[in-house]
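Protein chains in written order, with our numbering: chain L, 1 to 511; chain V, 1001 to 1306.
Derived by calculation from the structure, the hints in this document are not laboratory data.
Simulated pairs of lysine-lysine, DSS-like, Cα-Cα distance not exceeding 30 Å:
id, chain 1, residue 1, chain 2, residue 2
1, V, K1186, L, K155
2, L, K115, V, K1186
3, L, K208, L, K196
4, L, K115, L, K196
5, V, K1118, V, K1128
6, V, K1256, V, K1128
7, L, K398, L, K374
8, L, K99, L, K193
9, V, K1085, L, K99
10, L, K374, L, K343
11, L, K99, L, K155
12, L, K319, V, K1284
13, V, K1186, L, K99
14, L, K407, L, K374
15, L, K129, L, K115
16, L, K285, V, K1284
17, L, K155, L, K186
18, L, K407, V, K1085
19, L, K115, L, K155
20, V, K1256, V, K1009
21, L, K129, V, K1186
22, L, K186, L, K129
23, L, K338, L, K398
24, L, K99, L, K18
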Amino acid sequence: MLEFKGVFLVMEKILQMKGITKRFGNITANDRIDFELNRGEIHGLLGENGAGKTTLMNILYGLYTPDEGEIYIDDARVDIRSPYDAIRLGISMVHQNFKLIQSHTVVENVALGLKGLSFFYPNRYIEKKIRAFSERYNFRIDPNTPVWQLSAGEKQRVEIIKAFCREARIFILDEPTTMLTPSETKELFRLLKLLKEEGISVILIAHKLDEVMEVCDRVTILRGGKRINTVDIDSIDKDELARMMFGQDIVLEGREEYSVSFDESVVLEVRDLTIFNDKGLPAVKEVSFDIHRGEILGIAGVSGNGQRELIEAITGLRKVVRGSIRILGEDVTNMGAKEILNKRVAHIPEERMRMGIVPSMSLEENIILRSYDKAPFSSGLLLDYSVISEYAKELISKYRISALDEKVPAGTLSGGNIQKLILARELSISPVLIIASHPTQGLDVRSTQQIHELLLRKKEEGCAILLVSEDLQELIDLSDRIAVMFNGTIRGIIDIDRANIEEIGSLMVGV
Amino acid sequence: MSFILEILKATIPAGTPLLLGALGEIYTERSGILNLGVEGMMIMGAVSAFGITAITGNVWLGVLVSAIVGGGMALIHAFNSITLKANQTLSGLSLTMLGLGLSGLIGKRYVGVPLLNKLHSLPIYGLKDIPLIGPILFDQDPLVYISYLLTFVFWFFLFNTRFGIELRSVGESPDVADSAGIDVSKIQYLAVFIGGIMAGLGGAYLSVVYAPAWIEGMTAGMGWIVLAITIFSLWRPERAILGSYLFGGIRVLQYKLQPFGISPNLLNMLPFIFTILVLMLASKEISRKRISAPSSLGIPYFREKL
Chain L
1 MLEFKGVFLV
11 MEKILQMKGI
21 TKRFGNITAN
31 DRIDFELNRG
41 EIHGLLGENG
51 AGKTTLMNIL
61 YGLYTPDEGE
71 IYIDDARVDI
81 RSPYDAIRLG
91 ISMVHQNFKL
101 IQSHTVVENV
111 ALGLKGLSFF
121 YPNRYIEKKI
131 RAFSERYNFR
141 IDPNTPVWQL
151 SAGEKQRVEI
161 IKAFCREARI
171 FILDEPTTML
181 TPSETKELFR
191 LLKLLKEEGI
201 SVILIAHKLD
211 EVMEVCDRVT
221 ILRGGKRINT
231 VDIDSIDKDE
241 LARMMFGQDI
251 VLEGREEYSV
261 SFDESVVLEV
271 RDLTIFNDKG
281 LPAVKEVSFD
291 IHRGEILGIA
301 GVSGNGQREL
311 IEAITGLRKV
321 VRGSIRILGE
331 DVTNMGAKEI
341 LNKRVAHIPE
351 ERMRMGIVPS
361 MSLEENIILR
371 SYDKAPFSSG
381 LLLDYSVISE
391 YAKELISKYR
401 ISALDEKVPA
411 GTLSGGNIQK
421 LILARELSIS
431 PVLIIASHPT
441 QGLDVRSTQQ
451 IHELLLRKKE
461 EGCAILLVSE
471 DLQELIDLSD
481 RIAVMFNGTI
491 RGIIDIDRAN
501 IEEIGSLMVG
511 V
Chain V
1001 MSFILEILKA
1011 TIPAGTPLLL
1021 GALGEIYTER
1031 SGILNLGVEG
1041 MMIMGAVSAF
1051 GITAITGNVW
1061 LGVLVSAIVG
1071 GGMALIHAFN
1081 SITLKANQTL
1091 SGLSLTMLGL
1101 GLSGLIGKRY
1111 VGVPLLNKLH
1121 SLPIYGLKDI
1131 PLIGPILFDQ
1141 DPLVYISYLL
1151 TFVFWFFLFN
1161 TRFGIELRSV
1171 GESPDVADSA
1181 GIDVSKIQYL
1191 AVFIGGIMAG
1201 LGGAYLSVVY
1211 APAWIEGMTA
1221 GMGWIVLAIT
1231 IFSLWRPERA
1241 ILGSYLFGGI
1251 RVLQYKLQPF
1261 GISPNLLNML
1271 PFIFTILVLM
1281 LASKEISRKR
1291 ISAPSSLGIP
1301 YFREKL
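Okay, chain L solo, but in the shape it has when bound (with noise of 0.2 Å):
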């Protein structure tokens, strides 16, 4: 019976999930879901953000309780009211922020919570299980490095020691795959397959169809809060994958042509820039680019690596060390922010909840955020709400936001509409350069494809774009060449036409 591994083995459901609801106020997050899970198998949980997919696991993990719905753990029902029941069942998650207390070491991240540690001197037992595991599994981690210090890879593998040091059975995944860099990507799967052999099993939240593809053995597909359907990976491919996904065709592939088009003129000039950390280390180091207009230039690297300084340096946020920056031939290095942004440069930050918007302001206050001081919204010491409104109002049908009204607080909307509102507000002062720093993170493939093509049309206009991310495929889709930060500077700007991701990849870990 056992010649041909995981095919003649009888399958043993660890996991059974039955009808499990919840809702949030009128919001229905899991409408009676059932969900199966395999002794030793990898099973994808697919779906849109917003599909249920972190909220059904957060409800396996105890984090919230479900207002319908039964649980088994090996045929006998389990009641998971809190995570130290679910970790006492043997399950354990890694969720997407990874729950890591930054100030600590790895040993005392991973000795929290840890049944049958001694009192006194907890870490020293843990230290050796560490060394001994990173041996087995052949990777290399510091037990006593603070965890501020480690790469999202090796954050990971911490969380992941966590969970096998609690002697876990299930081990929850949440999208594990979206900070890191592709080789560390590899990694982890090398490491996932290993532990299924091991009889581990692993849920792995995604929304990319090619990790599903390339590491799953059975996928189970949520849409809009509904179990769509259970399958082997075997028998589906992708496209079919993807219409259960989304509920209709969408297209796959990227763009029709990967060349280079944009004028002569400089509309970004920075020379030599150098720029300092909070610690007051140097970030970014003599970095030196062009942007024409109508350009999109892609910076590419792994977070961390100097990005954000420059970003901030170019829209005043930041002091600039040595070097300059000039906007349209103007020399605009270490001018305030507002200064800046009224060169007509449109800033899309990183956090969009704590840098785009006021989150406890309404829509429309949050979209006359750059031009409340003038006319119409203002005339001199008052606010025309009126006129507010309107325009709150053309606004928000012209970038297709989904909201009750323009009076609800921003804070209220999902993830992809206050992106589309901070568009509505940065793009609508007809911007002569964009800077856009992850404007897709976290969004679903709908927004994604909604903010790209607004990004496009600004460039046919003939705007420049400086657009970060870490997401490989969508600098490649967008832009026409692509810079690659490591460490504070810039290894390499390559033509988009000549561009492939191996090279691309190399270079963003410093090879």
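Keeping the supplied structure of chain L fixed, place chain V upon it in accordance with the hints.
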């Protein structure tokens, strides 16, 4: 020389109530709860210790009751800020107001009453003969020795035990601790309670050992200095020693410099000028070393968010 030695020797008892209070507040803040009620808890500790000692004649019983009273006061704050998730600044401030008022009322009958039983100094045989530090550190009363021991215990538990990891984690990121299966509220209640016990002990030391007398409002801003020491010590028990004795020393100087004709008003300002200086220094060090207050300090923790 003997003048300096005398100042240093007096510094230890002057700094002891601050040290006790600071150790407690360090634990409280490490759990993410800011308790501005230290002044109130200290003075309630002071009045209860004095009252019980005056009635029963047993100093140790007075000290024990002060710890219970301080802890009880802290539980009010814990209930407000952990269970009700109220504003911690306001809750702490009201605890201070409550303590100052209530202690004045309870203490009325003890004003001017002498204590018959006192804690006598207890030189430690052998250690007190170490040149220089012997007479300064080891010719003191038993509560001082207990404060040394507690400092070590607080440091050891914070960095070398499972409880320490849990406490620090709860204060840094309660959501991480929660998802690791830690009972966030339980840890916070415990930490705030310990903070109250320690503040109560600090107050007791003041009224039954240091003074020993009951004077209305006798903490005179020490609770606020405890909060400054907490920051100065970068939330580390072992560094609280430095801060507490520094302020203790200044308090001693206040008295010792008076005969030299320096205006007492100026001298009374000293601790608070020093507070400002110390906070400036601490924030400089905090930014340089990339350490900071426990990340979730003062922020109530809610689990279920949409």
